[in-house]
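Participant: Sequence:
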Amino acid sequence: MEKLSGFLLLIIIISILSIIYIYFYNRFQRYLMKINEVESRIDITLRERFDLLCKAADFIKSKSDEVIMTKLDDLKNQNLSSFDFERELVSMTREFQNIKITNRNLIKMSDFTTLDFSLNENEAELSGYILYYNDNIANFNKLVRMFPSNIVAKLSRFKEKNYYDGKDLNDDDINDFKL
-5 MEKLSGFLLL IIIISILSII YIYFYNRFQR YLMKINEVES RIDITLRERF DLLCKAADFI
55 KSKSDEVIMT KLDDLKNQNL SSFDFERELV SMTREFQNIK ITNRNLIKMS DFTTLDFSLN
115 ENEAELSGYI LYYNDNIANF NKLVRMFPSN IVAKLSRFKE KNYYDGKDLN DDDINDFKL
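Residue numbers (my numbering): -5 to 173.
No wet-lab data here; the hints were simulated from the structure.
Among the hints, a few may not be true.
[Unchecked claim] The calculated lysine-lysine pairs, modelled on BS3-like cross-linking and capped at a C-alpha distance of 27 Å, are: (1) 57 <-> 94; (2) 28 <-> 155; (3) 28 <-> 55; (4) 94 <-> 55; (5) 55 <-> 65; (6) 136 <-> 148; (7) 148 <-> 28; (8) 70 <-> 57; (9) 55 <-> 70; (10) 94 <-> 49.
When you get a sec, could you build the whole thing from the sequences and use the hints?
Facilitator: Have a look at this one:
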């Protein structure tokens, strides 16, 4: 009888541990799915911004004979991470904004204002996606660090992920902070 109760107790403990493991594993999977989904949305939004900036550069060249955003063509051939691609596009967007300030004739054109509105809308959309991404990364990283989910993370080989800004504060690279 003691062997049966000991065996039953062992099965109950294994069942409880299995349920806990499955619960936390599923939480990790939920965050990973959210992160992957928003990563694809960020990529799409960045491609849309790139296309808008190409249209803006062509429009400005045709209307004012100014050569701007010369790096756009180079970006097509570079293999950049989303972080670096976004940084490059931010500098191009700043260049567009500077042209908008210095060349008042462009503001009067409806096509230019449409491009400007689309770029602003794209920027707001991207900011929302990045915020959502970073929130999910924060929750995922909390699970990786906190007990008992950290045991599940070690068994499943889940590691902390970087926030969208691309900075890894745990590495030896001191040049993480790019302006």
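Participant: Taking the hints in turn, state whether each one holds.
Facilitator: Hints and how they fare:
Using a Cα cut-off of 27 Å, the hinted pair residue 57 and residue 94 holds, with the two alpha carbons roughly 13 Å apart. For the hint linking residue 28 to residue 155, the alpha-carbon distance of about 13 Å falls within 27 Å, and the restraint holds. Between the alpha carbons of residue 28 and residue 55 the distance comes to roughly 40 Å, so the proposed pair goes past 27 Å and is violated. Between residue 94 and residue 55 the alpha-carbon distance is near 13 Å, which keeps this suggested pair within the 27 Å criterion.
Distance check on the hinted pair: residue 55 and residue 65 sit about 14 Å apart at the alpha-carbon level, within 27 Å; holds. Taking the CA atoms of residue 136 and residue 148, the gap is near 13 Å; set against the 27 Å cutoff, the hint holds. With a CA separation close to 21 Å, the supplied pair residue 148 and residue 28 stays within the 27 Å bound. Using a Cα cut-off of 27 Å, the hinted pair residue 70 and residue 57 holds, with the two alpha carbons roughly 24 Å apart.
Proximity of residue 55 to residue 70 is assessed by CA-CA distance (about 19 Å); at most 27 Å being required, the pair is judged to hold. Annotation: proposed proximity of residue 94 to residue 49 holds, straight-line Cα distance about 14 Å (limit 27 Å).
Checked against the numbered hints given earlier, the structure breaks only hint 3 and satisfies all the rest.
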